[in-house]
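Protein chains in written order, with my numbering: chain H, 1 to 294; chain X, 1 to 303; chain C, 1 to 370.
Hint data in this document are derived by calculation from the structure and do not stem from the laboratory. Do not rely on the hints blindly, as some may be mistaken.
Stated by the list, open to error - Reference excerpt, derived from the structure (chain H facing chain X, CB under 8 Å, subset only):
id : residue
1  : S22
2  : V43
3  : V51
4  : D79
5  : P80
6  : C81
7  : L107
8  : A143
9  : L146
10 : I156
11 : F162
12 : V166
13 : F167
14 : S168
15 : F234
16 : M270
The C-beta atom is built at its ideal place from N, Cα and C for all residues, glycine as well.
Chain by chain, the residues:
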Amino acid sequence: MTTTTRTTPPATTSETPAYRPSAGKRAQVWLANHFAMITAVLVLLYLFLPVAYTFVFSFNDHGKTNIVWQGFTWEHWQDPCGVQGVCESLVTSLEVGVISTVVATVLGTLMALAMVRYKFRGRSASNVLIFVPMATPEIVMGAALLTIFVQGFANIGINLGFGTIVFSHIMFCLSFVVVTVSARIQSLDPRIEEAAQDLYASPMQTFWKVTFPLILPGIAGAAMLAFSLSFDDFIITNFVSGNESTFPKFVYVASRRGIPAEANVIGFSMFVIAVLLVVGAQVVSSLRASKYKS
Amino acid sequence: MSALAHVAGDPGLEPAAAAPEVKRRSWTAYLLMLPGVLWLAIFFLLPLVQLASVSLQSRYPGFPGYYYRDLNFSNYASALTDYAPHFARSFLYAGLATFLAFAVAYPLAYAMAFKAGRWRNLMMICVIAPFFTSFILRTFAWSQILADEGWVAGVLNFLHLLPNGHIINTPIAVVAGLTYNFLPFMVLPIYASLERADPRVIEAGGDLYANGFTTFRTVTLPISMPGVLAGTLLTFIPAAGDFVNMELLGPQRGKMIGNVINDQFLAVPGGYPVAAALSFTLMAAILVLVFLYIRRFGTEELV
Amino acid sequence: MAGFREAQGDLRLEGVTKTFGDFTAVDGIDLEVPRGSFFALLGPSGCGKTTTLRMVAGLEQPTAGRVMIGDTDLTGSRPYERPVNTVFQSYALFPHLTIRDNVAFGPKRRKAADASERADEALQLVQMASFAGRKPAQLSGGQQQRVALARALVNHPEVLLLDEPLGALDLKLRREMQVELKRIQTEVGLTFIHVTHDQEEAMTMADTVAVMNRGHIEQLGAPEELYDLPRTRFVANFLGQANTGVGTIKDVEGDHLVVNVLGTPVKILRSRSQVHEGDVLFGVRPEKVTVSRTRPEGVGNDVRGVVRDVSFLGVATTYLVDMPSGATWSCYEQNLDVEPLDLRPGDEVWLTWNPGHAFGVPTEDEGSLG
Numbered sequence: 001m002t003t004t005t006r007t008t009p010p011a012t013t014s015e016t017p018a019y020r021p022s023a024g025k026r027a028q029v030w031l032a033n034h035f036a037m038i039t040a041v042l043v044l045l046y047l048f049l050p051v052a053y054t055f056v057f058s059f060n061d062h063g064k065t066n067i068v069w070q071g072f073t074w075e076h077w078q079d080p081c082g083v084q085g086v087c088e089s090l091v092t093s094l095e096v097g098v099i100s101t102v103v104a105t106v107l108g109t110l111m112a113l114a115m116v117r118y119k120f121r122g123r124s125a126s127n128v129l130i131f132v133p134m135a136t137p138e139i140v141m142g143a144a145l146l147t148i149f150v151q152g153f154a155n156i157g158i159n160l161g162f163g164t165i166v167f168s169h170i171m172f173c174l175s176f177v178v179v180t181v182s183a184r185i186q187s188l189d190p191r192i193e194e195a196a197q198d199l200y201a202s203p204m205q206t207f208w209k210v211t212f213p214l215i216l217p218g219i220a221g222a223a224m225l226a227f228s229l230s231f232d233d234f235i236i237t238n239f240v241s242g243n244e245s246t247f248p249k250f251v252y253v254a255s256r257r258g259i260p261a262e263a264n265v266i267g268f269s270m271f272v273i274a275v276l277l278v279v280g281a282q283v284v285s286s287l288r289a290s291k292y293k294s
Numbered sequence: 001m002s003a004l005a006h007v008a009g010d011p012g013l014e015p016a017a018a019a020p021e022v023k024r025r026s027w028t029a030y031l032l033m034l035p036g037v038l039w040l041a042i043f044f045l046l047p048l049v050q051l052a053s054v055s056l057q058s059r060y061p062g063f064p065g066y067y068y069r070d071l072n073f074s075n076y077a078s079a080l081t082d083y084a085p086h087f088a089r090s091f092l093y094a095g096l097a098t099f100l101a102f103a104v105a106y107p108l109a110y111a112m113a114f115k116a117g118r119w120r121n122l123m124m125i126c127v128i129a130p131f132f133t134s135f136i137l138r139t140f141a142w143s144q145i146l147a148d149e150g151w152v153a154g155v156l157n158f159l160h161l162l163p164n165g166h167i168i169n170t171p172i173a174v175v176a177g178l179t180y181n182f183l184p185f186m187v188l189p190i191y192a193s194l195e196r197a198d199p200r201v202i203e204a205g206g207d208l209y210a211n212g213f214t215t216f217r218t219v220t221l222p223i224s225m226p227g228v229l230a231g232t233l234l235t236f237i238p239a240a241g242d243f244v245n246m247e248l249l250g251p252q253r254g255k256m257i258g259n260v261i262n263d264q265f266l267a268v269p270g271g272y273p274v275a276a277a278l279s280f281t282l283m284a285a286i287l288v289l290v291f292l293y294i295r296r297f298g299t300e301e302l303v
Numbered sequence: 001m002a003g004f005r006e007a008q009g010d011l012r013l014e015g016v017t018k019t020f021g022d023f024t025a026v027d028g029i030d031l032e033v034p035r036g037s038f039f040a041l042l043g044p045s046g047c048g049k050t051t052t053l054r055m056v057a058g059l060e061q062p063t064a065g066r067v068m069i070g071d072t073d074l075t076g077s078r079p080y081e082r083p084v085n086t087v088f089q090s091y092a093l094f095p096h097l098t099i100r101d102n103v104a105f106g107p108k109r110r111k112a113a114d115a116s117e118r119a120d121e122a123l124q125l126v127q128m129a130s131f132a133g134r135k136p137a138q139l140s141g142g143q144q145q146r147v148a149l150a151r152a153l154v155n156h157p158e159v160l161l162l163d164e165p166l167g168a169l170d171l172k173l174r175r176e177m178q179v180e181l182k183r184i185q186t187e188v189g190l191t192f193i194h195v196t197h198d199q200e201e202a203m204t205m206a207d208t209v210a211v212m213n214r215g216h217i218e219q220l221g222a223p224e225e226l227y228d229l230p231r232t233r234f235v236a237n238f239l240g241q242a243n244t245g246v247g248t249i250k251d252v253e254g255d256h257l258v259v260n261v262l263g264t265p266v267k268i269l270r271s272r273s274q275v276h277e278g279d280v281l282f283g284v285r286p287e288k289v290t291v292s293r294t295r296p297e298g299v300g301n302d303v304r305g306v307v308r309d310v311s312f313l314g315v316a317t318t319y320l321v322d323m324p325s326g327a328t329w330s331c332y333e334q335n336l337d338v339e340p341l342d343l344r345p346g347d348e349v350w351l352t353w354n355p356g357h358a359f360g361v362p363t364e365d366e367g368s369l370g
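Hey, can you work out the whole structure from these sequences and the hints?
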């Protein structure tokens with residue numbers, strides 16, 4: 001860590017330009033200058049290692065258990081739905097993810113607008129109510145939801161299943177949406193909205209013509225976060241899903257016998273799709289930026 | 001609150017520092033808040049109240065799965081006495097994982113903020129991207145990587161670094177899994193707070209102190225403290241309640257509290273009251289730890 | 001558009017007050033701005049000038065009092081219902097819209113069919129037509145300023161409000177824009193209300209200047225009038241430099257008051273003093289004071305002093321002179337003499353001025369901010 005804060009080479013090289021340090025010395029200097037970057041690349045490799053395993057084992061010609069390498073096959077990529085339940089659970093996860101994301105993003109954006117733009121009685125209590133779910137372990141939330149669903153809501157006809165998963169996902173996504181969108185609204189100059197009002201825009205017009213387009217990137221970011229939180233959630237889902245299976249739950253249940261390679265195919269494909277979407281968005285925005293400059 | 005907002009890492013527009021306050025008092029605010037607050041009340045507060053009530057229920061003797069309303073604090077007593085080791089392990093493993101994640105995440109966040117240049121966005125994508133493969137799949141991949149016949153165990157065994165010859169199904173594997181799974185939660189807030197810092201401040205620190213470590217300790221680290229604080233909380237809290245890593249990577253005996261709660265709820269008939277008491281104790285313990293931690297290291301930026 | 005209030009005529013504020021909690025930002029202002037004039041609200045930061053402006057715009061509602069244009073009472077109406085537009089301090093251009101769409105925003109809200117054409121015309125007026133397709137982030141500060149002006153002007157408001165519009169520009173650009181703003185105002189003939197803390201800016205551009213301090217108007221008038229005959233100590237000090245001294249009125253000699261300043265008798269024209277007995281703060285502007293080596297005859301007022309500092313400015317020379325009262329006066333002499341005075345620090349000099357140039361204001365220091 002000691003060398004990470006250096007941005008200039010050690011003095012010895014600059015003071016005596018005629019002196020040519022030994023190869024070992026030069027390697028040492030190079031290492032000192034690039035320590036942080038080298039560490040960073042190693043850490044990134046570490047982050048990708050299990051993803052690589054997932055990818056490799058999607059080609060494993062496994063028998064009952066997909067734990068050790070047994071041979072190469074395209075089979076799982078040709079028919080990812082070949083194992084019973086895997087695609088059904090994926091569809092459930094996507095449905096849950098989309099519904100939860102839409103509802104949580106709408107409700108969370110409304111709350112963020114109120115929290116940033118208005119002063120009202122109960123504002124600080126609301127702040128706590130939004131913060132605490134993020135500081136509560138998922139297992140506690142899952143347990144609490146299970147007890148209320150089983151002992152309370154079952155009496156009014158709500159049973160564990162698709163609905164309870166969606167209700168729960170909306171709940172834990174909501175706080176993250178509020179925080180993300182609030183940050184964006186806070187960075188907005190309130191005079192821009194005043195200018196709109198000054199130019200004859202009613203409050204509704206001000207919101208739709210000015211405020212909304214300006215906070216849209218924040219809302220989009222919040223929606224992405226909500227979707228990824230919902231899509232990847234296992235712990236809460238495990239408590240509230242009853243007989244319904246989501247993709248993470250399918251994988252977890254399967255893991256006792258060895259996850260079928262079809263799940264690897266789907267997991268890795270989701271990774272590739274997401275990365276392509278993010279990279280695509282980056283490229284589009286940088287292209288647009290360079291068009292403005294010319 | 002803003003410390004957690006670092007996770008989102010949205011730099012947004014220029015902040016309007018000198019802008020006049022435009023806060024208004026209006027029924028509109030209540031209308032905007034109403035649906036979200038109702039949702040949190042019904043699906044967060046109400047369940048917690050129910051959980052509290054369950055944690056005080058008693059069993060009908062001889063009828064597993066049936067309870068009556070009571071003020072039975074013995075659930076808490078047995079939660080604390082029977083499962084104290086599980087609590088201790090959970091906090092120990094989560095603490096270790098948080099520390100390791102910090103040690104691994106900091107250089108990465110530092111490099112992204114000050115050294116990456118035009119690679120910055122790409123590195124950002126690389127940090128987030130693994131999230132999109134299901135975390136259970138990745139944890140399962142670790143069980144393959146750390147398996148006895150795998151290369152990691154092979155190398156470590158060759159160096160005689162493993163006392164009993166295994167990594168998989170040991171606490172080491174659990175801590176490794178926890179460290180891995182919550183690493184992005186550590187990287188992103190630290191990166192967000194470093195990115196806002198002026199690199200010249202840190203260079204100036206390098207000029208004033210000959211020693212690089214002193215610069216780090218006296219300049220860089222304090223600047224990134226809000227991010228470190230948010231990152232450690234975002235790592236520690238889910239790690240302490242996790243049971244998946246223990247289930248997939250850990251030993252048969254010596255489970256964490258998350259496993260106990262999960263089993264008591266989903267596998268043990270009549271386990272609800274004790275499991276609820278355990279959940280509440282876990283939540284209370286974490287809130288107390290978080291509170292003390294913020295008091296000790298916190299800045300105003302946190303809430 | 002529903003609720004929009006057409007109004008024509010002079011802008012009038014009647015007893016307008018604004019309080020924020022315990023703090024009174026604007027304290028019972030009465031003001032009348034004739035239609036088509038260029039009016040400046042001048043004062044230090046925190047004097048209430050921006051709050052006054054925001055109340056005219058409708059962005060704040062007065063705690064008490066009325067805002068009128070002609071016979072129409074605008075009090076209580078929303079910003080979007082008023083025939084008033086603002087050029088904001090930070091311009092507040094819409095970052096997601098092109099320059100043309102920024103300018104067309106107002107006309108579109110009022111359902112003008114030719115919004116785009118009007119936007120282009122307005123952009124031509126501020127010489128920004130060639131930038132119509134760009135986004136605000138691609139413009140410099142000065143260019144953004146012009147766009148903000150066009151965006152307000154395009155609506156032909158009854159009153160145009162400018163909130164420190166030149167504050168973010170560098171000096172050279174600011175001079176250019178001062179001339180430009182004045183040209184545009186003359187061309188379009190609208191009422192301009194310009195808020196600024198820069199006295200020079202206010203004096204160059206405005207027909208009428210209101211000097212504000214601590215929530216009320218200290219004095220209102222043409223720039224020459226304010227400079228020549230300030231009525232309060234704050235105005236005397238805030239607008240330009242003034243050499244001042246506190247004295248007691250001893251006597252009346254015809255049209256003149258005789259003021260005793262630490263033993264030295266000084267005359268002020270009676271009509272130029274706001275106080276006619278007791279203590280008075282008398283003052284005289286630096287360029288009205290003549291410096292000489294010998295005591296001149298018959299000018300009216302003369303005081304002996306010692307030169308402390310001499311700065312040669314080319315067209316003029318400024319002398320700092322220590323007075324017997326302990327004050328230091330500054331004197332601004334145009335370099336017209338064939339034989340220069342050639343004064344050095346330490347030289348004894350006589351300072352003289354015409355009593356018709358001095359002024360007297362109350363001594364109590366209401367506006368210590370100046």
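Quick rundown of the hints versus the structure:
1. With a cut of 8 Å, the hint placing S22 (chain H) at the interface with chain X is violated, because the nearest CB-to-CB distance is about 22 Å.
2. The restraint placing V43 (chain H) at the interface with chain X holds, with a minimum CB-CB distance near 4 Å, inside the 8 Å limit.
3. Given the 8 Å rule on beta carbons, the hint for V51 (chain H) holds: about 5 Å separates it from the nearest Cβ of chain X.
4. The interface hint given for D79 (chain H) is violated, since its Cβ lies 19 Å from the closest Cβ of chain X, which is over the 8 Å cut-off.
5. A least Cβ separation of about 14 Å between P80 (chain H) and chain X goes past the 8 Å threshold, and the interface hint is therefore violated.
6. The restraint placing C81 (chain H) at the interface with chain X is violated, with a minimum CB-CB distance near 17 Å, outside the 8 Å limit.
7. Interface hint at L107 (chain H): satisfied, since its Cβ lies 4 Å from the closest Cβ of chain X, which is below the 8 Å cut-off.
8. The beta carbon of A143 (chain H) comes within 4 Å of a beta carbon in chain X, closer than 8 Å, and the hint placing it at the interface holds.
9. Look at L146 (chain H): its Cβ gets to within about 6 Å of chain X, closer than 8 Å, so that hint holds up.
10. Nearest Cβ of chain X to the Cβ of I156 (chain H): about 12 Å, over the 8 Å cut. The hint is violated.
11. Restraint check, F162 (chain H) versus chain X: the minimum CB separation of about 15 Å is more than 8 Å; hint violated.
12. Among the interface hints, the one on V166 (chain H) is violated; its C-beta lies about 10 Å from the nearest C-beta in chain X, farther than the 8 Å criterion.
13. At its closest, the beta carbon of F167 (chain H) sits 6 Å from a beta carbon of chain X; the interface hint therefore holds under the 8 Å criterion.
14. Proximity of S168 (chain H) to chain X holds as hinted, the smallest CB-CB distance being about 6 Å (cut-off 8 Å).
15. Proximity of F234 (chain H) to chain X holds as hinted, the smallest CB-CB distance being about 6 Å (cut-off 8 Å).
16. Checking M270 (chain H) against chain X by beta carbon gives a least distance of about 5 Å; that is within 8 Å, so the hint holds.
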